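Undergrad: One letter stands for each residue in the lines below.
Number of protein chains: 2
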Amino acid sequence: MTTPTLHSLEPDFAKSGGLIPAVAQDAETGEILMLAYMNRESYLKTLATGEVHYWSRSRQELWHKGDSSGHTQKVKSLYLDCDLDAVVVKIEQVGGVACHTGRRSCFFHKLAKSGQFEILD
Amino acid sequence: MTTPTLHSLEPDFAKSGGLIPAVAQDAETGEILMLAYMNRESYLKTLATGEVHYWSRSRQELWHKGDSSGHTQKVKSLYLDCDLDAVVVKIEQVGGVACHTGRRSCFFHKLAKSGQFEILD
Numbered sequence: 001m002t003t004p005t006l007h008s009l010e011p012d013f014a015k016s017g018g019l020i021p022a023v024a025q026d027a028e029t030g031e032i033l034m035l036a037y038m039n040r041e042s043y044l045k046t047l048a049t050g051e052v053h054y055w056s057r058s059r060q061e062l063w064h065k066g067d068s069s070g071h072t073q074k075v076k077s078l079y080l081d082c083d084l085d086a087v088v089v090k091i092e093q094v095g096g097v098a099c100h101t102g103r104r105s106c107f108f109h110k111l112a113k114s115g116q117f118e119i120l121d
Numbered sequence: 001m002t003t004p005t006l007h008s009l010e011p012d013f014a015k016s017g018g019l020i021p022a023v024a025q026d027a028e029t030g031e032i033l034m035l036a037y038m039n040r041e042s043y044l045k046t047l048a049t050g051e052v053h054y055w056s057r058s059r060q061e062l063w064h065k066g067d068s069s070g071h072t073q074k075v076k077s078l079y080l081d082c083d084l085d086a087v088v089v090k091i092e093q094v095g096g097v098a099c100h101t102g103r104r105s106c107f108f109h110k111l112a113k114s115g116q117f118e119i120l121d
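Residue numbers (our numbering), protein chains in the order written: chain A, 1 to 121; chain B, 1 to 121.
No wet-lab data here; the hints were simulated from the structure.
Misleading hints may appear alongside valid ones.
Identical chains share a label here; the pair holds if one copy fits it or two copies do between them.
Claimed, not checked - Distance condition first, Cα-Cα at most 20 angstroms in a straight line; then the derived EDC-like pairs of lysine to aspartate or glutamate:
no.: 1; residue 1: K110; residue 2: D26
no.: 2; residue 1: K110; residue 2: E10
no.: 3; residue 1: K45; residue 2: D121
no.: 4; residue 1: K15; residue 2: E51
no.: 5; residue 1: K113; residue 2: E51
These numbers were taken from a predicted model, which means no experiment stands behind them.
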């Protein structure tokens with residue numbers, strides 16, 4: 001087994017006006033729990049603390065996920081894509097709830113055959 | 001088993017200037033393969049054809065994924081998030097390659113303990 005070559009990389013925040021999408025995925029099950037945005041500050045905070053930080057577009061402020069709910073997200077691994085303008089964070093979801101609606105995942109509107117959406121629990 | 005209540009929903013394209021992020025996830029393995037963007041036209045094309053269409057930000061045009069490479073993405077299921085401003089599409093990745101670099105997934109830069117990134121095959 002050879003030691004992998006390592007590269008110093010940082011997301012390309014400039015490309016999309018300072019924010020890149022970050023997908024939180026359950027590290028155990030692979031379930032996609034939420035998608036939010038990171039600016040450079042929140043990205044660096046995530047790396048430094050091991051807990052996911054986003055940038056809240058509605059509140060225009062650094063958002064330590066779980067700060068008020070206790071439902072923090074512990075970083076298990078982190079990936080950048082080919083263009084360095086998207087992040088996947090595999091996490092442990094503390095409390096088992098990522099969504100502000102109380103659901104495990106934010107992606108609870110499922111397309112049905114009719115073209116309408118079913119709301120999952 | 002009761003019949004689920006169905007809702008007529010559409011993504012909130014206006015919120016982010018007409019584009020929303022769309023995450024393509026392997027329907028079998030749960031692996032996240034790529035993240036790109038959809039406008040209303042590409043979203044409706046995706047629903048109508050059962051093959052994923054994005055909006056290419058670099059080329060500023062409708063992008064039928066796989067049109068040139070043959071690596072189309074067949075929709076298995078589709079989800080909107082709580083705020084209706086992000087999409088997850090569970091897909092079958094034809095040809096097994098989503099990334100233009102020839103890799104299965106675009107998320108091949110993996111954060112190492114050193115803070116640098118390992119490039120996965």
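Undergrad: All hints, please: hold or fail.
TA: Tested hints:
Proximity of K110 and D26 under a CA criterion of 20 angstroms is satisfied in both settings, with 19 angstroms inside one chain copy and 16 angstroms between copies. Only between protomers do K110 and E10 lie at most 20 angstroms apart by alpha-carbon distance; the minimum there is 12 angstroms, versus 34 angstroms within a single protomer. Taking the closest pair of Cα atoms, K45 and D121 never come within 20 angstroms of each other, the shortest separation being 32 angstroms inside a single copy and 28 angstroms across copies. Proximity of K15 to E51 under the C-alpha cut-off of 20 angstroms is found in neither arrangement, the shortest distances being 25 angstroms within a copy and 28 angstroms between copies.
In this homomeric assembly, K113 and E51 come within 20 angstroms of each other (Cα to Cα) only across copies, at 15 angstroms, whereas the closest approach inside a single copy is 38 angstroms.
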